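Enquirer: Residue-level listing of the chains:
Protein chains: 2
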Amino acid sequence: MTYKESILDPQGEAVKTALHRLDYQTVEKVTVGKYFELNIADRGQNIDEEVDQMCDQLLANVNMESYRYEIESTTTEG
Amino acid sequence: MTYKESILDPQGEAVKTALHRLDYQTVEKVTVGKYFELNIADRGQNIDEEVDQMCDQLLANVNMESYRYEIESTTTEG
Numbered sequence: 001m002t003y004k005e006s007i008l009d010p011q012g013e014a015v016k017t018a019l020h021r022l023d024y025q026t027v028e029k030v031t032v033g034k035y036f037e038l039n040i041a042d043r044g045q046n047i048d049e050e051v052d053q054m055c056d057q058l059l060a061n062v063n064m065e066s067y068r069y070e071i072e073s074t075t076t077e078g
Numbered sequence: 001m002t003y004k005e006s007i008l009d010p011q012g013e014a015v016k017t018a019l020h021r022l023d024y025q026t027v028e029k030v031t032v033g034k035y036f037e038l039n040i041a042d043r044g045q046n047i048d049e050e051v052d053q054m055c056d057q058l059l060a061n062v063n064m065e066s067y068r069y070e071i072e073s074t075t076t077e078g
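So the protein lines, in turn, are chains A and B. Note that the numbering used here gives residue 1 to position 1 of the first sequence, counting from 1, and the numbers run on in steps of one. Note that the numbering used here gives residue 48 to position 48 of the second sequence, counting from 1, and the numbers run on in steps of one.
Since the hints were made in silico from the structure, they are not lab data. Misleading hints may appear alongside valid ones.
Heads up, simulated DSS-like pairs for lysine-lysine below, C-alpha to C-alpha not over 25 Å straight-line [unchecked claim]: (1) B:Lys-34 - A:Lys-34; (2) B:Lys-34 - B:Lys-16; (3) A:Lys-29 - A:Lys-16; (4) A:Lys-4 - B:Lys-34; (5) A:Lys-4 - A:Lys-16; (6) A:Lys-4 - A:Lys-29; (7) B:Lys-29 - B:Lys-16; (8) B:Lys-34 - B:Lys-4; (9) A:Lys-4 - A:Lys-34; (10) A:Lys-4 - B:Lys-4; (11) B:Lys-29 - A:Lys-29; (12) B:Lys-16 - A:Lys-29; (13) B:Lys-4 - B:Lys-29; (14) B:Lys-4 - B:Lys-16; (15) B:Lys-34 - A:Lys-16; (16) A:Lys-34 - B:Lys-4; (17) A:Lys-34 - A:Lys-16.
Incomplete in silico selection of chain A near chain B, CB under 8 Å [claimed, not checked]: (18) Lys-29; (19) Leu-38; (20) Asn-39.
It should be emphasised that the depicted structure is a prediction, and the values quoted were computed from it without experimental measurement. Beta carbons are placed, not taken as given, at the ideal position from N, Cα and C, and that holds for glycine.
Next comes chain A alone, as it looks inside the complex (with noise of 0.2 Å):
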């Protein structure tokens, strides 16, 4: 989840000046976004419509925020 491009993002900014302080002359752009990991159960659910809905409803502004997204399938034994 990171600020839309027209939203500025003075934590990245902040991030890139430490960096070329620390004389990481090659760094151009630094975008922060925040990142969530969810294990979500398999009942058969069309899992991207629901992750779509959480993070309208939820975990991102969507008026500020752009979001993406990957579905990773994991087995567990038992």
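Assemble chain B onto chain A, guided by the hints.
Expert: For chain B alone, coordinates are given in the frame of chain A:
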């Protein structure tokens, strides 16, 4: 960047509770973390090493947080 397994993640617990309240009962675990996207100029340096150093020196609190990263190469014209 997420908290290490041994460190409590109250924010993740709070998000899980909120999702359950919105009737997303399939959510079993939530981990909340930080996300950094860096554009780095390729000047022939060892990118992996550079990113490792940046994480250790500035981005991650190595006592409490674990990190992982992916390098993607992009091409810009001009």
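Enquirer: Now, for every hint given, state plainly whether the structure supports it.
Expert: Checked hints:
1. Between the alpha carbons of Lys-34 of chain B and Lys-34 of chain A the distance comes to roughly 5 Å, so the proposed pair stays at or under 25 Å and holds.
2. Proximity of Lys-34 of chain B to Lys-16 of chain B is assessed by CA-CA distance (about 17 Å); at most 25 Å being required, the pair is judged to hold.
3. Between Lys-29 of chain A and Lys-16 of chain A, the direct Cα distance comes to roughly 7 Å. Compliance with the 25 Å bound is thereby established for this hinted pair.
4. Of the pairs offered as hints, the one joining Lys-4 of chain A and Lys-34 of chain B holds, with about 16 Å between alpha carbons and a cut-off of 25 Å not exceeded.
5. As the CA atoms of Lys-4 of chain A and Lys-16 of chain A are separated by approximately 18 Å, the hinted pair is consistent with the 25 Å bound.
6. A C-alpha spacing of about 15 Å is found between Lys-4 of chain A and Lys-29 of chain A, which places the hinted pair at or below 25 Å, so the restraint holds.
7. Among the hinted pairs, Lys-29 of chain B with Lys-16 of chain B is consistent with the structure: their alpha-carbon atoms are about 7 Å apart, no more than 25 Å.
8. A C-alpha spacing of about 13 Å is found between Lys-34 of chain B and Lys-4 of chain B, which places the hinted pair at or below 25 Å, so the restraint holds.
9. In summary, the hint linking Lys-4 of chain A to Lys-34 of chain A is supported, as the alpha carbons are separated by about 13 Å, within the 25 Å threshold.
10. Of the pairs offered as hints, the one joining Lys-4 of chain A and Lys-4 of chain B is violated, with about 29 Å between alpha carbons and a cut-off of 25 Å exceeded.
11. For a cut-off of 25 Å, the pair hint linking Lys-29 of chain B to Lys-29 of chain A is broken: about 32 Å separates their Cα positions.
12. For the hint pairing Lys-16 of chain B with Lys-29 of chain A, the CA-to-CA distance comes to about 32 Å; that exceeds 25 Å, so the pair is violated.
13. The suggested pairing of Lys-4 of chain B with Lys-29 of chain B holds, with an alpha-carbon distance near 14 Å, which does not exceed 25 Å.
14. Our distance criterion of 25 Å between C-alpha atoms is met by Lys-4 of chain B and Lys-16 of chain B, whose separation comes to about 18 Å.
15. A distance of roughly 15 Å separates the Cα atoms of Lys-34 of chain B and Lys-16 of chain A; the hinted pair therefore holds under the 25 Å criterion.
16. For a cut-off of 25 Å, the pair hint linking Lys-34 of chain A to Lys-4 of chain B stands: about 16 Å separates their Cα positions.
17. Under the criterion of a C-alpha separation no larger than 25 Å, the hint pairing Lys-34 of chain A with Lys-16 of chain A is consistent with the structure, at around 17 Å.
18. Annotation: interface hint on Lys-29 of chain A holds; nearest CB of chain B at approximately 4 Å, less than 8 Å.
19. Proximity of Leu-38 of chain A to chain B holds as hinted, the smallest CB-CB distance being about 5 Å (cut-off 8 Å).
20. Given the 8 Å rule on beta carbons, the hint for Asn-39 of chain A holds: about 4 Å separates it from the nearest Cβ of chain B.
In terms of the numbered hints stated before, the structure departs from hints 10, 11, 12, listed from lowest to highest.
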